[in-house]
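Listed in order, the protein sequences are those of chains A and B. In this text, residue positions in the first sequence follow this note's numbering: the first is 1, and each later residue adds one. In this text, residue positions in the second sequence follow this note's numbering: the first is 1, and each later residue adds one.
Hints are not guaranteed to be accurate.
Derived DSSO-like pairs: lysine-lysine, alpha-carbon spacing no greater than 30 Å straight-line [what the hints assert, rightly or not]:
{"#": "1", "chain 1": "A", "residue 1": "LYS191", "chain 2": "B", "residue 2": "LYS68"}
{"#": "2", "chain 1": "B", "residue 1": "LYS68", "chain 2": "B", "residue 2": "LYS90"}
{"#": "3", "chain 1": "A", "residue 1": "LYS152", "chain 2": "B", "residue 2": "LYS120"}
If you want the footprint, here are the derived chain A segments under chain B, 3+ residues with CB under 8 Å [what the hints assert, rightly or not]:
{"#": "4", "region": "106-118"}
{"#": "5", "region": "153-161"}
If you only want the chain B side, here are some residues facing chain A, beta carbon under 8 Å, derived [stated by the list, open to error]:
{"#": "6", "residue": "GLN25"}
{"#": "7", "residue": "LEU27"}
{"#": "8", "residue": "TRP52"}
{"#": "9", "residue": "ILE126"}
Just so you know, these hints were derived from the structure itself, not from any lab. Remember, it's a predicted structure, so these values are computed and weren't measured experimentally. C-beta atoms are modelled at their ideal positions from N, C-alpha and C, and glycine is treated no differently.
Here is how the chains run, residue by residue.
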Amino acid sequence: MKTIKSLSIIWIVLSVICTSAFAQKNNKDIVDFKLKNVDGNFVSLSSFPDAKGFIIVFTCNHCPFAKLYPPRLNDLNNKFKPLGVPLIAISSTDTMMYEEDTYPNMVTKANEEHFKFPYLFDELQEVAKNFKAQKTPHAFVIWKENEKWVVKYNGAIDDNGMEPEKVTESFVSNAVNELLANQPVKTAETKSIGCQIAFRRK
Amino acid sequence: MVKNWFFLLVLIAVINKNIYSQKIQVLKFDALKQCIYNNSDTVYVVNFFASWCKPCLLEIPEFVNFDKGIKNSKIKLVFVSLDLKNDQEKLLKIVQQYSLQNVYLLDESNANNWINKIDKHWSGAIPATLIIKKGKHKKFIADVISSQTLFKLTK
Chain A
1 MKTIKSLSII
11 WIVLSVICTS
21 AFAQKNNKDI
31 VDFKLKNVDG
41 NFVSLSSFPD
51 AKGFIIVFTC
61 NHCPFAKLYP
71 PRLNDLNNKF
81 KPLGVPLIAI
91 SSTDTMMYEE
101 DTYPNMVTKA
111 NEEHFKFPYL
121 FDELQEVAKN
131 FKAQKTPHAF
141 VIWKENEKWV
151 VKYNGAIDDN
161 GMEPEKVTES
171 FVSNAVNELL
181 ANQPVKTAET
191 KSIGCQIAFR
201 RK
Chain B
1 MVKNWFFLLV
11 LIAVINKNIY
21 SQKIQVLKFD
31 ALKQCIYNNS
41 DTVYVVNFFA
51 SWCKPCLLEI
61 PEFVNFDKGI
71 KNSKIKLVFV
81 SLDLKNDQEK
91 LLKIVQQYSL
101 QNVYLLDESN
111 ANNWINKIDK
121 HWSGAIPATL
131 IIKKGKHKKF
141 IADVISSQTL
151 FKLTK
């Protein structure tokens, strides 16, 4: 037990923000992935052949900011999946650091919150690195362009985590609406507080 | 008996003083800015943290260590908690455990409005530390930091 504890402390100390804060996240091509969903099946972007785009939300069980959003994730999926823009939630947290984020706990969370969308376990953290996701929640809107998936928005889901009824700007929703209308995304990047995704060093 | 009562009173007074000195002040971003950006010759070391952030908590002893080394200097250590306003219990425990002083809780719902004002390259992930000298942004570290680095950067 003691070794596990000290190991995890070393882990934490070694974990670094791999993605540079200066890194460009938008207009980046996203490589398709294959991750295990809470229902036991594997999910890829290609599992949705008719999708025009996706709302990808890096989230997790343990983070207080992420905990504020599950009903809003369901709302976004209900609103946009029928329009060809499904939502996919991905957990990439280091489970050595947060027991709450292990796969069995993800399954429980998805049931409790009645997730109607895939909640995928990014065990190797490769997908988070591919997106340059830095924290939870960190939302991305990707869109199909010339058979490639391109990042069009990244940042907060909306402008009020604590009080959903006081949201004045729904960043993700606005971005998807603009893309569906073939318009450029006006607010393509926003900042928000969140729990850092600590990347394990190999 | 009287002696016992007196002892109890002194105890209550001491406890009260401790609670008072470890109070967390809730404020808005503009008020925080006024606290840390002034033209005095004080160097401000501002640590953004939260009680739910594990790497932040591991880093606190480094700040405690740094704080011991800056007594009687013109360096001031300030903690800005990004905990949720209606959930301060864990934060209070940490503040008491380490006897942290100058703790503010930032009461802002839309981080997109203020994160860029701290540093435009900051994504909002914590821990992060800002060093201000003579009212000017001197250094921003979006990562954990050691007390040695803190001493070096505030020299």
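Here is what the structure says about each hint:
no.: 1; hint: A:LYS191 / B:LYS68; result: violated, 34 Å
no.: 2; hint: B:LYS68 / B:LYS90; result: holds, 24 Å
no.: 3; hint: A:LYS152 / B:LYS120; result: holds, 20 Å
no.: 4; hint: 106-118; result: violated (count 0)
no.: 5; hint: 153-161; result: holds (count 5)
no.: 6; hint: GLN25; result: violated, 19 Å
no.: 7; hint: LEU27; result: violated, 16 Å
no.: 8; hint: TRP52; result: holds, 5 Å
no.: 9; hint: ILE126; result: holds, 7 Å
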